[in-house]
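Asker: Could you put together the complete structure from these sequences and hints?
These protein sequences, in sequence, are chains A and B.
Count the first sequence with this note's numbering and you get residues 1 to 304, in order.
Count the second sequence with this note's numbering and you get residues 1001 to 1462, in order.
For the record, the hints were derived by calculation from the structure and aren't laboratory data.
Note that the structure is a prediction, hence the values are computed from the model and not measured.
Be careful, since some hints might not be right.
With a cut-off of at most 25 Å between alpha-carbon atoms, the simulated BS3-like pairs for lysine-lysine come out as follows [what the hints assert, rightly or not]:
{"id": "1", "chain 1": "B", "residue 1": "K1159", "chain 2": "B", "residue 2": "K1171"}
{"id": "2", "chain 1": "B", "residue 1": "K1152", "chain 2": "B", "residue 2": "K1221"}
{"id": "3", "chain 1": "B", "residue 1": "K1152", "chain 2": "A", "residue 2": "K60"}
{"id": "4", "chain 1": "B", "residue 1": "K1178", "chain 2": "A", "residue 2": "K60"}
Under 10 Å between C-beta atoms, here's a sample of chain B residues computed to sit facing chain A [to be verified]:
{"id": "5", "residue": "P1111"}
{"id": "6", "residue": "A1147"}
{"id": "7", "residue": "P1176"}
Chain A is nowhere near these chain B residues, computed Cβ spacing over 12 Å in every case [said to hold, decoys possible]:
{"id": "8", "residue": "Y1180"}
{"id": "9", "residue": "E1324"}
{"id": "10", "residue": "D1413"}
{"id": "11", "residue": "M1427"}
Ideal placement from N, C-alpha and C gives every residue a C-beta, glycine not left out.
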Amino acid sequence: MFSGTNPTNQPSLNQPAPSKIAAAEEVFYMRPSKGWANLNLFELWRYRELIYFLTWRDLKVRYKQTILGALWAVLQPVLTMVVFTIFFGRLAKVPSDNIPYPIFSYTALLPWGLFTKAIGDAGRSLVSNRAMITKIYFPRLAIPLASVLSGVVDFAIAFSVLLVMIFYYNNLPGGEYQVALTARIWTLPLFLLLALVTALGAGLWLSALNVNYRDINHILPFITQFWLFITPIVYPTSMVPERWQLIYALNPMAGVVEGFRWALLNSNAAPSYMLGVSAAIALALLVSGLFYFRRMERTFADTV
Amino acid sequence: MTQIAIRVENLGKRYRIGATPTRQQYNTLRESISQAGLSALRAVASPISRIRAASKEGSAGMFIPRREQPTIWALRDISFEVPQGQVLGIIGRNGAGKSTLLKILSRVTEPTEGYAEVHGRVGSLLEVGTGFHPELTGRENTYLNGAILGMKRSEIDKKFDEIVAFSEVEKFIDTPVKRYSSGMYLRLAFAVAAHLEPEILVVDEVLAVGDAEFQRKCLGKMSDVAETGRTVLFVSHNMSAIMRLTQEALVLDKGQLALRAPTNQAVDYYLSAGFTQSGRHAWNPEEIPASAAPFRPVEIRMVNEQGRVVDSIRSTQTCFVEIEYQLSAPITGLRIGLYLLTGRGEPVFTAFDTDSPELYHAHSIRPAGAYVSRCQLPSDLLNEGRYLLGVNASTYGMQRYFHDEQALSFNVDASGAPGTQWAEVRMGPIRPRLSWEIQPRGKLSPEFQHSEQILPLEGRNG
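Answerer: This is the structure we're talking about:
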């Protein structure tokens, strides 16, 4: 019953026969991919406008129909800082390297808030965007990437509060603590980048795993809580015994937080070889996350 | 010499069908870990692990090693080419693999074997409004959706006014779309998708929603696209739309390419040979989506007065359509619908088993169990030809459990029906036995007598 409208329909298994096509035209091939996929970051670059729009959507939607709106970006770290100051600073008397506890903890909470928000949002991003994934093609990397990037705006808003706090401490009558912003502040973007790389790396792993294993939804809060304790947010790194310092540095967020305090508050914990360890770990997390994500990506539409 | 737009060779897609309605559709980590652990155990001490696996399978029935899970080829050995500028129809029953084919061509999912080659950007209208966010305004969603569909921002800027005009939602463009009526939502969503200018447009059935006016507009837009020389793949159950828009069509059946032919032939093939002509259709498990639970269709059949299953019925005789189904849980307000369509897909009537108030009240809750809903088709109802029966199980305004637009086809034979003394084809799907009277009224009127004489010249101009 096969009609003869297609005389060239000879099966030529894997080798595509050259077709008559215009030179300028794009050609897409769909075939089963094997082994580790290549990253194809060029394609991601071509879809940069989509990343922009997805980031913009996440931002727009986040505070729609809320009374306080973007104020939430400030309230969350500020309230956490107040609680930490009361319980860890006043009651438990945790040392803070001679920096007033509120500013000590708030400086750490800035990158920490960015990080937890990013891994939480990115980890859930593929599942919450399943309608798009199962209907339309676009580089899937755009989704967790946009989740991470949208946190940067919240970070910027919360950062302005830190400047107010520094101003307050510097003008406190009889205040012995002074923050002099030095040239070190120009290294801040590097630490911010380190936080983003770590968050994206972890976010890629979690989001791809979440497609197959919804356990990730339950694990996520636990990861964040656990990670908080191994990061010097409520306590200074100087509390960690010397012989554990190297292991401690395996957590890239420790390097980020120390870096923030060093760049902004002139704390004496200067970045050392430990920062190199942190950066190497963060990079490894990102690269492995990218490859794992690309590898799993081909079945996302079928399993999500 | 025509250029190739799409080339598909030996394409196949296999799905695992581990998901039953009661079981979660996704894996849990525990399963994977215990699986990995078990296979390790198996390697060390195979007899023990086999017993364990067996007992586990027997007790809970939820541990099925991945390799042994049943799989289904949604698509297999598909090969075809589409020259540039062709509008190609794709027809096939539910579960024939149409959607899977479109998903592979639009790169949403990867094939399991074979390959496809697509020249140019593919725009898919697989589901309009994908990526629309209810909290965002019409304007914001237009940009977002455009970007998701692969449009550049400058492209959207340029077409924005045109999109809004087409969608007819000018007044509400700055209102969040969650406040839109479903019609407005759909119009805007389609407008965005329709103004994407891909080299290849893939259109699925979903467009057939919306009111008649909107459908007309959609089909018009599609013809425009086709006229600009772009390639269109059009999937539909609506045979008249397929015949109107396409010259050639593919017929898919159970994941295989059954026929590629000029649309007329393809439609005829689909409506006749494509169906089992046994007068009954029993649903396979793969034709029943998981979302149908607790409803499970079993069989639909055409039965004559003697109780025999028949493929052909006489127009002059009464016959019955029986729909057999089971409910694993009670459903309140369930109604089984029957859709009668002509062979070309035009609706003839729609009826539900609880149409009558008595049955409606008597069966307001249908308890779990096995049922047959039987509908009597009265004699002298249908004209000769081929008809299709669609089935649907739903609760009004709440949920549609199951539907099969083309569950069964049957022939109507007109012998003995009114007017069969003339061997001519009668228009229209019904052939009722109407009562006519012919009354003699005395003498011929005088003007008529007169006019008959001058008729050749002035009678026609008068």
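Asker: Hint by hint, note whether the structure agrees.
Answerer: Evaluation of the provided hints:
1. Distance restraint check for K1159/B and K1171/B: the Cα-Cα separation of roughly 17 Å lies within the 25 Å cut-off, and the hinted pair is therefore satisfied.
2. In summary, the hint linking K1152/B to K1221/B is supported, as the alpha carbons are separated by about 21 Å, within the 25 Å threshold.
3. Restraint check for K1152/B and K60/A: satisfied, since their Cα atoms lie roughly 20 Å apart, inside the 25 Å limit.
4. Of the pairs offered as hints, the one joining K1178/B and K60/A holds, with about 15 Å between alpha carbons and a cut-off of 25 Å not exceeded.
5. Given hint, P1111/B at the interface with chain A, holds; its Cβ is 6 Å from that chain's nearest Cβ, closer than 10 Å.
6. With a least beta-carbon distance of about 4 Å to chain A, the hint placing A1147/B at the interface is held under the 10 Å criterion.
7. The interface hint given for P1176/B is met, as the beta carbon of that residue sits about 8 Å from the closest beta carbon of chain A, less than 10 Å.
8. In this structure Y1180/B is separated from chain A by more than 12 Å, as the shortest Cβ-Cβ distance comes to about 16 Å.
9. With a closest Cβ-Cβ approach of about 31 Å to chain A, E1324/B is found to remain outside the 12 Å limit, as its non-interface label requires.
10. The claim that D1413/B lies off the interface holds: its Cβ sits roughly 26 Å from the closest Cβ of chain A, which is beyond the 12 Å cut-off.
11. For M1427/B, the non-interface assignment is confirmed: its Cβ lies about 30 Å from the closest Cβ of chain A, beyond the 12 Å cut-off.
The structure agrees with every numbered hint stated previously.
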